[in-house]
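K.L.:
Chain L is already provided as a structure; the job is to place chain H on it using the hints.
The listed protein sequences derive, respectively, from chains L and H. Okay, so the first sequence: first residue is 1 according to the working numbering, each after it adds one. Okay, so the second sequence: first residue is 1 according to the working numbering, each after it adds one.
Hints should not be assumed to be uniformly reliable.
The calculated DSSO-like cross-link candidates involving lysine-lysine, where the alpha carbons are at most 27 Å apart (straight line), are [claimed, not checked]:
1. H:K97 to L:K81
2. L:K96 to L:K180
3. H:K14 to H:K248
4. H:K81 to L:K14
5. H:K188 to H:K226
6. H:K81 to H:K97
Because the hints were derived from the structure by calculation, they are not lab data. All values reported here derive from a predicted model rather than from experimental measurement.
2 protein chains.
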Amino acid sequence: MNELVVKGNVIYTKGMERFEVFENSYLVAIEGKVEGIYKELPEAYRGLPIEDYGNRLIIPGFVDLHIHAPQYLQRGLGMNKQLLEWLSDYTFELEKKFKDLDFARKAYEYFAEDLVASGTLRACIYASSSTEATETLFEILKEKGIGAYIGKVNMNRNAPEAILESTEDSLKGTIYLIRKYKDEPLVKPIVTPRFAPSCTQDLLDELGKIADIYHLPVQSHLSETKREVEWVRELFPNAKNYLDVYGKSGLLRNALMAHAIYMEEEEIMEVKKRDVFLIHCPDSNINIRSGIMPVREYLNRGLKITLGSDVAGGHRLALNDAMARAIQLSKLINMQSPELEPLRVSEAFYMGTKAGGAFFGKTGSFETGYFFDALVIEDHPLVAELYSIEERLEKFLYTGNSQNIYARYVEGKRI
Amino acid sequence: MNELVVKGNVIYTKGMERFEVFENSYLVAIEGKVEGIYKELPEAYRGLPIEDYGNRLIIPGFVDLHIHAPQYLQRGLGMNKQLLEWLSDYTFELEKKFKDLDFARKAYEYFAEDLVASGTLRACIYASSSTEATETLFEILKEKGIGAYIGKVNMNRNAPEAILESTEDSLKGTIYLIRKYKDEPLVKPIVTPRFAPSCTQDLLDELGKIADIYHLPVQSHLSETKREVEWVRELFPNAKNYLDVYGKSGLLRNALMAHAIYMEEEEIMEVKKRDVFLIHCPDSNINIRSGIMPVREYLNRGLKITLGSDVAGGHRLALNDAMARAIQLSKLINMQSPELEPLRVSEAFYMGTKAGGAFFGKTGSFETGYFFDALVIEDHPLVAELYSIEERLEKFLYTGNSQNIYARYVEGKRI
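Just chain L, same shape as in the assembly (with noise of 0.2 Å):
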């Protein structure tokens, strides 16, 4: 039986509401999942060799909903521009270099070592519409130890030919992928078409029964800016609203979307009604000059609000960065409109762990049958002397970076 024993500082949250704190406790994980924290370590238990981690704190590990890996390269870059000239200018041109497998597998090794190396444990990705490069992204991903869906980015129009695909094309190595990795333990396919303007109808029709008959989840981009909305309404005349064009093709069974900033009340009560998990990515949210989503109401009414780094609209792939963003963009809404609290610490930490990581079953928060997904965060000496756990790890979300991160662990493993 694999049986782990770490000590040290451990928090995480079990709801958005508050913190779950074990100062200087043992946490015993069985089979990679968490059984129970100690005070005193069970007699059960005793005898096993323990990863003593001091002083140091042990929190579950970051969940990354949204990030486009290609675009690692560009984070920072063409930022004075807006959505759609971004990606034509930037985006789009940098994507056309992952055809070349030797350009994909360098700038995919680059990625993968910075987000293992940020704390991000479990993350949803897009590739590029490159079959051939995505499957590299997989190995890379596969080596790394961590939890991952990744998506060859379905796109037949609406984008330079270079990386547009036949529709035909366009599937073949969607199911291509999707047959090889699968039965994978930890990086696995997601069906991913960009988004509603870069697919045809029947492109979506396509991959909204793949997703049925390999019981595959679904990630895509919803209402991120107003010039957007109005252009899926010209392009699906016949869908009621942004989120009907995904739907209609059953694109919204276990289903991502990132942004959704401007919902009508029809998209509010159908992404409840189907369980949609949505991403906030609030760097991305101001660069791109999108908007901001209205996470406290939608909070409020009970939807199920994520992170996302959405690197490179985004510019910051550590999800504490987000975390801390998130909580700024939400005072600067509560500055116009009082009665809308700012997110507490404890909600942003919740969206970028448990909120997230039930994507991906249990992972992101210490109950027991929680996978052990972890980091351990070391600060320094003074910060530890003068503050408490909880002021730690706040400390940490705003101003740590991948030197504070001392080890990691994928369900009990460290990698």
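P.N.:
Just chain H, lined up with the frame of chain L:
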């Protein structure tokens, strides 16, 4: 004669509107000052040793005009509180500890090391009200070799007893430090009434006289929150407005004012007339929910706008983060008022180099005659291969950190 030749991709701002770029060029500095930048090294300098930085970038060092050094330990803490509560719950509690010189030394060492690491080569710093601890900070920064103004904080009311001083002690300590450090080449004193509410009229008046006698610059806070503006109105009923409190005491000659979010028309005119440096501290603006400085409007009116990290209202010390955040906040304003254009990258960079550098004389640019205060930036080989010099700088500003800073120079000397 002290001569230096460095080679690399030189980039800086002369004006706000664009970058000056010298790809793969030689920069010659004589006696610490830039003599010229050349594609081919002139005859006269051949034979000098060349510090060849290859494909790296050479940029002016960062100038941070607003930092509270004692608050370095608390950055990223209590961020859900508002200014006055946050000050009493966190800041004042922490500042008390600086009476313990052993603590002060450790805390200031930690701060100074990270400051230099993050690329700030000129800084205007608030210490605490403790004269002895401020002396410690002077000594530590002198050793680091960067340029700084340091102010012992003057405060004789409206804070806990433990960090208040009598008017007499506050002035005595101030004069002691001024006499000891006023002739230092790089680390000098600055008159620092914390902010109007923490000083009585007589303390402000005496500080004005001191600034005048010793020809010293002044730093303080101005109109950060609406509540504070009201408070100042109550405390100083004879002043025309917040700025006038400082003006009446002779504290606006060669002055730095942080925040200045809520200025009346008359204050704007006076700031312009007196040539006051206003300091934009973007992270702090949102963390504390003070509001957002209307930077574009101020620039349009010809005010002098510089940048500050405002640790610990701001949670990040690195000034490139402040540049990125200043752009982000300007986009938020732009989304509501489309006629107010977002800050360009060159504008944000200018604010954090040449505009702020002017407070120290000729620093913050590589024009002939400017001190050679520089950072050598190393980025990822794939980034260096794909993008232009200007794009690589933008990327560093958005995504870089101390690990990307390969070398640092102050007045031509590598530190």
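K.L.:
Hints first: check each against the structure and report whether it holds.
P.N.:
Hint-by-hint comparison with the structure:
1. Using a Cα cut-off of 27 Å, the hinted pair K97 of chain H and K81 of chain L is violated, with the two alpha carbons roughly 47 Å apart.
2. Our distance criterion of 27 Å between C-alpha atoms is met by K96 of chain L and K180 of chain L, whose separation comes to about 24 Å.
3. A threshold of 27 Å between alpha carbons decides the hint, and for K14 of chain H with K248 of chain H the separation of about 35 Å lies outside it, so the pair is violated.
4. Using a Cα cut-off of 27 Å, the hinted pair K81 of chain H and K14 of chain L holds, with the two alpha carbons roughly 24 Å apart.
5. For the proposed pair K188 of chain H and K226 of chain H, the alpha carbon gap of about 33 Å is over 27 Å, so the pair is violated.
6. Between K81 of chain H and K97 of chain H, the direct Cα distance comes to roughly 21 Å. Compliance with the 27 Å bound is thereby established for this hinted pair.
Going down the numbered hints, you'll see the structure goes against 1, 3 and 5, while the others check out.
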